[in-house]
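Residue numbers (this note's numbering), protein chains in the order written: chain P, 1 to 565; chain C, 566 to 932; chain X, 933 to 1305.
If you are wondering where the hints come from, they were derived from the structure by calculation, not from laboratory data. Note that the coordinates shown come from a computational prediction; the quantities given were computed from them, not determined experimentally. All residues carry an ideal CB built from backbone N, CA and C; glycine is no exception. All the given hints hold, so there is nothing to weed out.
Here are a few chain C residues that face chain P, going by a calculated C-beta distance under 7 Å:
#1 Leu616
#2 Met649
#3 Ser653
#4 Ala655
#5 Ile672
Here are the in silico distance ranges between beta carbons for each label pair:
#6 C/Ala702 <-> P/Arg553: 20 to 26 Å
#7 P/Arg393 <-> C/Pro567: 26 to 32 Å
#8 C/Ala702 <-> P/Leu277: 40 to 46 Å
Here are some chain X residues the structure puts well away from chain P; computed CB gaps all over 10 Å:
#9 Val1147
#10 Ser1249
#11 Ser1262
#12 Val1274
#13 Lys1296
The chain contents come next:
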Amino acid sequence: MSVASTASGSVRLPLFRGHGVIAVATIYAGLAVTVVLPLAAVLFQAVVADEGLSFAKIREVFSSPSIVDATVNTVVVSALAVVLAGSVGVTLAWLVARSNMPLKRVFDPLNMIPFYLSSVVGALSWQVIAAPRTGMANTWLEPLLGYAPFNIYSVWGIAFVLGLFYAPYVYLFTLGSLQSMDAALEEAARMSGASKLQTAVRVTLPLSAPAILSACILVFVTSAGIFGVPLVLGVPGRVHTLSTLIYRYIAEYPSDFAAAAILSSALFLFTVALTALQMALLRGRRFTTVTGKGYRPRTVDLGAWRWVGAGINALYLLFVIVPFLALLLVSLQDAWTGSFEWARLTLANYHQVLFVDVTAKRGLMNSLVISTVGATLAVAVSLLLALVLQRTRLPARQGIVWLSMLPVTVPGIVLGFGFLVAFVSTPLYGTLWLIMLAYIVHYLPTGLRNTESLVQAISRELDESARMSGATWWEAMTRVVVPLVAPGMVSIWLLLFVTFIREVSASMMLFTYGTETMSIALIRIMEYEPYGVSGAFGVLQTLLLLGCVALIRQLSSARQSSQAA
Amino acid sequence: MPVHVRGLAKTYGAVRAVQGVDFTVAPGTTVTLLGPSGCGKTTTLRCIAGLEVPTAGRITVGDRVVYDDAEGIFVEPERRNIGMVFQSYAIWPHMTVGGNVGFPLKISGRPKAEVEERTRAILQLVGLGDLHDRPAAALSGGQQQRVALARALVHEPQVVLFDEPLSNLDANLRERMRTELQLLQARLGFTAIFVTHDQQEALSLSDRIIVMNRGRLEQEGTPQDVFQNPATAFTARFLGYANVFAGEVADIADAGKVRIDLGDGVLLAARWRASEPARKGERGTIAFRADRVAVEPRGTVPPGDNVIAGDIEAAAFLGTFIDYTIHAGPLQIKAEGPVDKPFVRGDAVQIRISPAQCHAFRAADAA
Amino acid sequence: MKRWLNLAVAAAGLVTAAAATARAEDVPALAAISDTAERARVQALIEGARKEGGLSWIGVQIEPGHANPILAEFKRYYGLDDLKGEYTYAGTGEIVTRIEQLLRAKRKEFDIVWTASWAWYKDLLKRGEIMQYDSPHYAAYTLSDQNGMSQKGYWASDAYAFAPIYNPQTMEQNGLKNFNPTSWNDFVDPRLAGRICMIDVMVSTSAAPVLAGVVKAMGDEWLKKLGALKPALHIKAAQGREWVGSGEFAATLLNSPKDALSLQQRNIPTKQVFPKEGVVLIPFAPIILSSAPHPNTAKLFIDFVRSAYGAQTVMNSGSLLFFGRPGVKSKYPDILPVMEEVKAIPFDWETEGSTAAVKAFREKLRAAGIGAK
Ligand SMILES: Nc1ncnc2c1ncn2[C@@H]1O[C@H](COP(=O)(O)OP(=O)(O)OP(=O)(O)O)[C@@H](O)[C@H]1O
Ligand SMILES: [Mg+2]
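Can you build the whole structure from these sequences, using the hints too?
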């Protein structure tokens, strides 16, 4: 029998198995072009000037007072957002997971809604409420207080909107940790004489600390790199952040790519450092409190305080919902004068975005195309990578994990800038494909992580038994693993679809005439259309996203009930 | 079809899961890999299946080499034509029972009619004739086990591997399945390799038993042989020898008979089990089973070889016998006595163990 | 059967083509030309344009809704029924970025750039990126020439101006009754502190020189007073417009008449002021890029929008411009006087509007506390 004979199925040792090596090489090549190249291009542009390696420019950039200002603003905004998102997220998670707060089942899904919505639309809406003079909250409170208390065009305003929109991250992480925690740990504290509150503060929360910390660092990193909200709310109050400054360097004439690259690199290294810190802090601590699954911890009886809890949760939801309702009012007015006037009632704004304004129409279409095709490709790539990582013994898999997880540390604006620098002279530039590629790369970690956990949940023996039944690796994957993860993949698809629909930062760097996405169209529309038209477009985007959320809920609850059966 | 395993080794990083295992399975027989958790049973089985790539060694199935590190041969699992029943059964929940069982035939491209016919036949054989169209997600543990079995057998592999196939069943069902498996094997004539850490299962199912310890082969033989003549203290302990004591070789008689000094003047005669002869004064271990210990009231037995005085420290009624813990000089001896002549705590007794039932090993063997 | 059908289709195609050529003779543009050489030139351009079939134009100031009637009229005037005209509306800075990126990538995307960025135009000119084209209509652009806003053989300019817009109602609510401003000094009134907004001159390429011109006319003391008001900044003119509309701010300092008109049309009382000290006229000219993918069409388009008829079409579409040729009348004289009636602050775009000068001016603004540090 020949050693290399494929007919007998015997091949040279597995490490040298041809197709496996080709697969790994292809994956590395793909990641090199889509992940490494853009980031390397940014770093390269930062240190290499026309004359060669140069640090003079770096010194120049960092000695500019506006950079110092923007850096301080970025840090302050992100820190405040973490404090707000953290306290709201943890409180709500504890109330839902551990207390007997009424209406928990109603609150739980609602608390997640901001996670799916566009923070740019949120910023747009909050102007209606808290613009310094004409914001509704200010016009109501000014007669009482003698001054207008709120100014949305400030560091506080930006941080507030970000905090509201990122609270669900902390909520989700904390809730997961609380729900999987062994109740005996808390009961032991009660038996040792701790009160309910003491138990919550001294035992429950510290045990959830790794999860909370993770979420907080994620919020910090995301806030530091966010672009849309500071653009809408920061510029009027002269509050620049690093991201708006990067954009300015590129949008200004003459544009200064080197300065943008230097700032991008700094922002990137900063977020990488934070992520590294997070990993160092969490090493080996993640699952120590989980002792068994399906173990429902007992809830704490809050007595009459449970209504206070419900009030707090309702207040959070009001903060989320009311501005959108206000935006809805704005969208129904021919001109916004600070309050709703029946005489100004009109549907013309909707007519404008749906049938007249070409940018709006194109933005909607482009986003639908990018999000549909992009989410499908992203899901396919994530699945392939997850299968390679989880279900093969190919060499150098760890490197694939590192490279595909890298974009999680990269702020969207930096990634978008990287794609701009790397691809501007290729035919890809100026097409929807490039924007789509940037999206896929940026959210590859999300897709891959979720897909990996789906694949991990499928017992290896299921596909191994297919192999033993005569199926090749590919057949075992397509006929056993893929059908089993498919329902979960639909949810991941929807999550990515939603994320792509509202993406701002990378698109801002990459769009050209004709390739505006929905969020870009919104920002463009704000540039020339009356406020009501932007409002109408924002309302439409929100409705589209809410529709997807409803679908996600529907699917996941259907899946849960089918699993229970 | 015979299976030969030569010098099999598998390491995971620094963990040496299997190190240099050799054995042969004769065609149509059942061999059981027996050993404590983590000793490398599953790893060995998966290497034979092709689900793990060994680090070294050579495996042949029939006259076909499926793995050889020196020649660089590795045959993918789907090409080895081996059936396997997994511990979790690995029933595919998105298919029907028929879909699960017919899968191996479908994947090898058999015509639809043949798939259907053979699937139904094998389901009949495992006693699930009427479940063909049932969704596989809705089956009881026993039914799942049968589906897994049918799926492993349907393409008539010459070798079938079982990784603890019965461990998830309750005691009654386990016993029934054991018998059924034996009947099936008699009918279909496949070679079976079984993994278990349940000695009862191993003893009742196998033609030969392979005891493994820390990735090595500890002992191989027929069930009777292994059970009655453990070759090492480890095997003895694993096969339920409740009394294992360390001592020193006091004197050596001919024909492998020794006396072990267990301290405080307690000496027990035993058969020397190590291959090399014993040397006087070396450390040794002695092992004997609790049910081979005769317990009598003090003074009723004349003193002699292997008669020791002791006191009942604890007595536990276990239905068919009474389990005693007896304090005898430096030793704490486990014994089983009949329920009709019970002793109670504090009773003075004498115990006697036939030297033929006492096995002595070189101390280094006692792991 | 199928072959017959193919034949029929081909025949129909021929007939249509023939009809089109026949019609080229009597398109309105040619009918208006008496000079035979000129006729032949335009006719050649029309034929070239028919082959090209498209025109892409990127610009500021002319809103997307206003571009459509201009393009439609252009098509009709030259009989270019099948022309696919596309207009991209963008901010000045953005246009510069976009075009520079495209040039760097060596991609041909736009024919016409129509923006107000003198320094950049000069830069492009030096680099040979602007196509030379001396439209016969440039001769009529006397106002443009007088104000130094023409580049012979390349462009002739219209202009727009940034000047204050305010809402008298909001002024009244803010305690500034009978506020009848006529001077830039009226807009640095201390009572306007926190009530006034302006475009962020740090970002806007066109607004920075304008403010520099005003400062030149009014003196540094005026700038200091303005800084003391701490005006809110907006990056897009529309934001200032909407703020004045909602009453968030009473006035915006540097907006164009079209913003005042937009508010008036939505029943917001709005006034546009052209202060007596003058305004800086911002040259606003269409040019053809050397890399234009549709050069013939682009030349025709320039001919069109620089002709008396075309200029009036642009004006009528709703684009409120000061035209560089006399005789183009606005429908809203209270908001938009003609160029001759407005006092222009003399401004040398080549020196005072240069990148270096703007940079220096921005430093000065920073010192005065206007715009980000
Ligand atoms: N994929 C793996 N990576 C690292 N170590 C492994 C892996 N699989 C098995 N091992 C280690 O190899 C050794 C043998 O494992 P194996 O599963 O063969 O044991 P076993 O005899 O089947 O035990 P059990 O009775 O518990 O199933 C153990 O120490 C185990 O931890
Ligand atoms: Mg095992």
